[in-house]
Amino acid sequence: MTTPTIPPPSSHPGLSPAAAVGAASLWLWMAAVIWAAFLWAPPASGFKNVYSSRILFFHVPMAWVSLVAFLAAGAWSVAYLTRGRRRRHDRAAAVAVELGLVFCLLATLSGSIWSRLEWGAFWNWDPRQTSIVLALVFYAAYLALRSAVEDEPTRSRLAAAYAVLGLVVAPFLFFVLPRLTFSLHPQPVVNAEGEIGMDPRILVVLLAGSAGFTALFFWIHSLACRVRRLTGGNAD
Amino acid sequence: MWRWLAEATAVLAKDWRSEARTRYALNTLALFAVTTLVLVSVGLGPLGVSAAGAQVLPFLLWIVLLFATAAGLPRAFVQEEETHTATALRLAARPSAVFWGKLAYSLSLTLALEALVAPLFLAMVQLEVASPGLLVATLAAGGFGLAATSTVIAAIIAQARARSTLFSVLSFPILVPLLLLVVELTRDAVAGEAAGPALRQLLLYDGSVAVAGSMLFPAIWNP
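One line per chain: the protein sequences are A and B, in this order.
In terms of the numbering used here, the first sequence is numbered consecutively and its last residue is 236.
In terms of the numbering used here, the second sequence is numbered consecutively and its last residue is 223.
Isolated chain B, as found in the complex (with noise of 0.2 Å):
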């Protein structure tokens, strides 16, 4: 088990450093999330969208993180594929240990968009929220599911042609349960109300895709 650890965090420490020597997530990540941002947020100010958009809001917020997401976890796999270290993976880290290590890296870049985000989004379009606990809890929680979501999805896309836009094709579809929960519960946080029986769903949503994901991860991984 410990040697299972130590596999798992040796992917994720080998992913960090090769981010650190392009810097990519830095650059270009960030760049496209505050890209988007700001071009949702010119939509709500300057075209004067108006505060109907209160409840629109939360949903937006979502949409930024969904594409931010979308353009930069595939590069996990993908970018396996590109530098032909794929096969050199396969042989030093068993499936499982790949898996989970690509998911806390997944998760751990998703953490960091979130946080950069999401508070850039409430400052421009000058939203409230009533329940913070609420809202870093649904960010959390909705982050897990969204990198563990994409790190299946990449595994099986970085073996296709057409990978960036059969990622988005391919994950939507499998998004959609969590996009609509953590919109409600956002909608809660600023409205300050009570979860209710979404963060529980979340929740199980984020377990299950967790589970699934990594008892289907051996057959996508190996040939």
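Next up, chain A with everything else stripped away, as it sits in the complex (with noise of 0.2 Å):
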């Protein structure tokens, strides 16, 4: 195994210019799109309190992060396990996993306040929130078996089968679930594929709010995993 290397000091501590650049950039883009969300996009019709229909532009992007997370988590620890148990694998979907944690909670409950102003009741059991829901507690069953696992190769190891498998099973809830409830998302205005009936400048906030959205979470993720392995490795 070869020893890691640590960067010589440079004479400018910090991001370097290309990271500043893009750190820059996302923070402008990020203002940009609350900006809008705000003041630009018109309020969504179609929803009985058009005043809270902007919590979309903040709701939509973060679940979509939280799929992107545990797909990410599911993709790092795949390659964990096929690619030489590489230490920064494992450190990289667990980290992904923290975040998407944090992301989940955040659609949960911008969601939950939002179904309750929109259709009166904090929780229904619509497919999407019970995929959140599901999301929400395997994360949370992969930080508990983390936690639960003191030599660190073992518990790379099962951690990363442990999310290849929720990765497999996963899909079976995208056919299930719609089919046993209604759904109180309303597809084509709401879908972030963007079917006609949805306001061009909508679109363009939601779009570019989960490309933002999206941008924000690798950024966090990156300095999360360099934070790790700077302060000793897996320290969960």
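Hints listed in this document are in silico derivations from the structure and should not be mistaken for laboratory results.
Not one of these hints is a red herring.
Selected chain A positions facing chain B (Cβ under 7 Å, derived; list incomplete):
#1 L81
#2 V137
#3 V149
#4 L158
#5 V168
#6 L173
Here are some, though not all, of the chain B residues that point toward chain A, as calculated from beta-carbon distances under 10 Å:
#7 I156
#8 V169
#9 L181
#10 G196
#11 G213
#12 N222
Pairwise CB distance ranges, derived in the manner of DEER restraints:
#13 W27(A) to W4(B): 55 to 65 Å
#14 F67(B) to S16(A): 50 to 60 Å
#15 L105(A) to S164(B): 25 to 35 Å
For each residue, glycine too, the CB sits at the ideal point set by N, CA and C.
Using the supplied hints, reconstruct the complex from the two chains, each of which is provided in its own coordinate frame.
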């Protein structure tokens, strides 16, 4: 196993120029998204409570990111198991799950508040609500597994196997759930694929918000991975 | 290939032989299942939870089965760790033989449990089943899914702390699609309706977990 190399100290500690430009662009992008969400995009018609419909510009991207986090954790887990059991893959998977948990919680809470305002109840067991709560439970289970194993290689191996198992089983929810309950989530209007019927400005802000939150996720992820690596590996 | 089969059968036979010596499954697991069943039936009977329960009864059957298997199946691997025979097993048989042998053992336990619990449940809650064939198919396919998932998760938690609670925590998220499908099918069986896509999806789930489990097992089992 190669010894990890520590980069030599530079005269400009902190971000490299490329990273600084990237971070600044992301900052501006997200600021623009927030401004647009409140001021530029029109209120979504077809909603009972048109003012609170702006929550969709935050709720939808965060739900999207929690899905991205799930897939990323699965991909890194597969990489860990098949490409030489490298610690950085396991670290990346664990951080992705932790971040995914945060985004998932925020998406669930924002969705629940919106659901109360729009449909009168905090929770309805609509298929998307059910999927997100199951994702939440799965993330928590993954983290519980990690905390129950002391030996690091064993922990990484078992957690990776569990994540891959979750990845295999998750698609079944997409077939099964919609059949069992009707959906409160209006497909053509709020669907991120942008069916006809969505005002183009809403669509633009939604997509821009999704891209921004995804970039934010990966940026926080890379920072957290670096911190973990420097503070001594998998200090979960 | 015959050698593999011999190894897998040996694992299965060893587990049944050790079961015959302790009679754990017979005494403790069956008792747990029957006790849970009685508890559920008491809620429906003497406590008088009414026949709005007809929709909920299939679900209750599967909850009893789920908790009974969660109580009993992890033993397949946990016992190996506790009696320190896991290393010997790793030496004696290749991982895939261990996986399929343990799966066969878990499956046989699950099917035996279902054969005990399901008729008792139907009798105690007075539930008439219009399509018994569909119910048997559901119990068999659902039982396989429970056994396959339990085998993989048991192998994972046997190497962790807080095993019994961790088993439930890990297995329930994975089992949700199974639970949804088997309850839907059981309701169809009770009502006498055709199975719809659910049976196909259940078999697909079973196959996916078995294949994924057999592919992941070497990584889980071998240090």
